[in-house]
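Keeping the supplied structure of chain A fixed, place chain B upon it in accordance with the hints.
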Amino acid sequence: MIVRWVAVAALIVGAAVFPAFAGKYPVKLLQEILIWGIFAMSLDLLMGYAGMVSLGHSAFFGVGGYVAALALLKSPGVASGLLLPAAAAALAALVIGYFSIRVSGVYFIMLTLAFSQMFYAVTFQAAWLGAEDGIVGVPRLNALGLDTAKPLAFHLYLVVLIAVGALALFRIVRSPFGRVLRGIHENEARMEAVGYAVDRYKLLAFVIAGTVAGVAGSLYTQFVGSITPDAFLWTTSGEALLMVIIGGTGTLAGSMLGAAAFILLQSLVSSYTERWMLILGLTFILLVLFAPGGVVGALRGRVGIRS
Amino acid sequence: MTPPPLLAITALTRTFGALSALAGVSLSVTPKTRHAVIGPNGAGKTTLFNVITGQVPPSAGHVLFEGRLVTGLSPHAVARRGISRSFQRTNLFPKLTVLENLRLAAAADGRGSWSLFGRVDRLRAPFERATETAEAIGLRDRLPATAGTLSYGEQRQLEVGVALATRPKLLLLDEPTAGMSPEETQRMTRMLEGLPREVTLLIIEHDMDVVGSLADRVTVLHYGEVLTEGTFDHVKRDPRVYEVYLGSA
Numbered sequence: 001m002i003v004r005w006v007a008v009a010a011l012i013v014g015a016a017v018f019p020a021f022a023g024k025y026p027v028k029l030l031q032e033i034l035i036w037g038i039f040a041m042s043l044d045l046l047m048g049y050a051g052m053v054s055l056g057h058s059a060f061f062g063v064g065g066y067v068a069a070l071a072l073l074k075s076p077g078v079a080s081g082l083l084l085p086a087a088a089a090a091l092a093a094l095v096i097g098y099f100s101i102r103v104s105g106v107y108f109i110m111l112t113l114a115f116s117q118m119f120y121a122v123t124f125q126a127a128w129l130g131a132e133d134g135i136v137g138v139p140r141l142n143a144l145g146l147d148t149a150k151p152l153a154f155h156l157y158l159v160v161l162i163a164v165g166a167l168a169l170f171r172i173v174r175s176p177f178g179r180v181l182r183g184i185h186e187n188e189a190r191m192e193a194v195g196y197a198v199d200r201y202k203l204l205a206f207v208i209a210g211t212v213a214g215v216a217g218s219l220y221t222q223f224v225g226s227i228t229p230d231a232f233l234w235t236t237s238g239e240a241l242l243m244v245i246i247g248g249t250g251t252l253a254g255s256m257l258g259a260a261a262f263i264l265l266q267s268l269v270s271s272y273t274e275r276w277m278l279i280l281g282l283t284f285i286l287l288v289l290f291a292p293g294g295v296v297g298a299l300r301g302r303v304g305i306r307s
Numbered sequence: 001m002t003p004p005p006l007l008a009i010t011a012l013t014r015t016f017g018a019l020s021a022l023a024g025v026s027l028s029v030t031p032k033t034r035h036a037v038i039g040p041n042g043a044g045k046t047t048l049f050n051v052i053t054g055q056v057p058p059s060a061g062h063v064l065f066e067g068r069l070v071t072g073l074s075p076h077a078v079a080r081r082g083i084s085r086s087f088q089r090t091n092l093f094p095k096l097t098v099l100e101n102l103r104l105a106a107a108a109d110g111r112g113s114w115s116l117f118g119r120v121d122r123l124r125a126p127f128e129r130a131t132e133t134a135e136a137i138g139l140r141d142r143l144p145a146t147a148g149t150l151s152y153g154e155q156r157q158l159e160v161g162v163a164l165a166t167r168p169k170l171l172l173l174d175e176p177t178a179g180m181s182p183e184e185t186q187r188m189t190r191m192l193e194g195l196p197r198e199v200t201l202l203i204i205e206h207d208m209d210v211v212g213s214l215a216d217r218v219t220v221l222h223y224g225e226v227l228t229e230g231t232f233d234h235v236k237r238d239p240r241v242y243e244v245y246l247g248s249a
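Note that the protein sequences, when read in sequence, are chains A and B.
Counting from 1, one number per residue, gives the positions in the first sequence under my numbering.
Counting from 1, one number per residue, gives the positions in the second sequence under my numbering.
No lab work stands behind these hints, which were simulated from the structure alone.
These figures come from a predicted structure and were not determined experimentally.
Using C-beta positions, here's what the derived DEER-type ranges look like:
hint, chain 1, residue 1, chain 2, residue 2, range
1, B, A8, A, Q125, 55 to 65 Å
2, A, G105, B, V199, 32 to 42 Å
3, B, G194, A, M118, 49 to 59 Å
4, B, S74, A, L289, 39 to 49 Å
5, A, V122, B, E128, 44 to 54 Å
6, B, T149, A, K74, 52 to 62 Å
Not everything, but these chain A residues come out facing chain B in the computed CB check (under 8 Å):
hint, residue
7, I172
8, S175
9, P176
10, F177
11, R179
12, V180
13, G183
14, E186
15, N187
16, E192
17, A193
18, V194
19, G195
20, Y196
21, A197
22, V198
C-beta atoms are modelled at their ideal positions from N, C-alpha and C, and glycine is treated no differently.
Chain A on its own, in the form it takes in the complex (with noise of 0.2 Å):
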């Protein structure tokens, strides 16, 4: 147990440093990690814990990107990088999540990712929203005494705030909440036989998802200083359902070490290779046939032959 809480704090504070020692484009990459890793967290909240696997989770992830462009384009406060686009994307997400939780399996991944796609289309017309150039010139935000237009001040919003939303999951799937999800992923009926609102619980895990993806998405904005309607593609839904499945299922660090291994391998490969795509899918492939739990349950099963 502290040896778990002193790992987690030399992970926070290592990341947190890690401009100390690493030159520019290494420290790009960690923030590009972190930002995708909550994201594949909040997906497998959903996936992993509640057995809900959404194709839309774009939606919040763009949901959040636009509404923190907006807002931060008037006025740079917590508000709008923060507090605004969480709350879009928790609307955002009940709503969605209110037609979508009465169906499940293919019928719930259809319609998650209609949802999404809708989204994509909709700010792909709208002349308002840039239509398909997106926003730009979107500034960072600067409130609280921290400007966050500086690198390194940036980098540590991102790494606090990252970390307070992983912990925050990680104690979420632990609690009477998360107990219930894992019910409900094992046998939704008996679930329901015994007495429990199967689809509130169902609905409150869609909204947290959302939630903590739109966070993902207004970080993403600032992080690039611009969003577009690609946000919303399902495509975006996708990396993420890799990343959480390169991982492992249903482990929550898996997805942040997931989003590490996707985004890693993308930059190693294409350095070399236009087509990065083609050993990425192969890598996943191999990946699925020969670790079916991810990365994590390789290595819980490399522990447990040792023990």
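Below, chain B alone, put in the same frame as chain A:
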């Protein structure tokens, strides 16, 4: 002087296409009794349970529990009123431990389950109830085992336990001894006999020894209708009951 019924079913009908699974069933269950529903396959017994617990809406008729209408409620709402059921085909949380199977059921009535950041082990009541239930179903020393790894007989015991852990006023058991060996059936019967008398029991059962030793009252269903009702000895002597069973064999 009979007390008002705990469960009052009036003219309950359920059709599936051209088939009438229930064709106007009326049935009263007196509080604190053990009431068996018997009948050949296809008599509508499981459909009756499915309608009572809200899994299947009735085509006509209604169900009153403690004098209040429960037809139209969703299954979780029926469960929260105090009606819990076990299933004919084992319906557990196979990857979770015996303790967690029982604890989840025991925690279903509490607001604690909405706690996002709380700790599971801080909520003592569900743990205590889970342990008590494990004692009652004879799985006290199997608490840490994964449900899916239990023997078939043990899984059937846990099946009853998950229903019991919600602390129901009315417990519906759908063929608790289905597929059991004679020894397992005996153990299950003893376990059911040992259940607290405050829990009213409505039980579907094929094994007449189990019905004979357990039931205060027996209702015989046949093609979705009540054929007869009375004590086990009364029903046993009814020539129509023989006919129904032998005729369908």
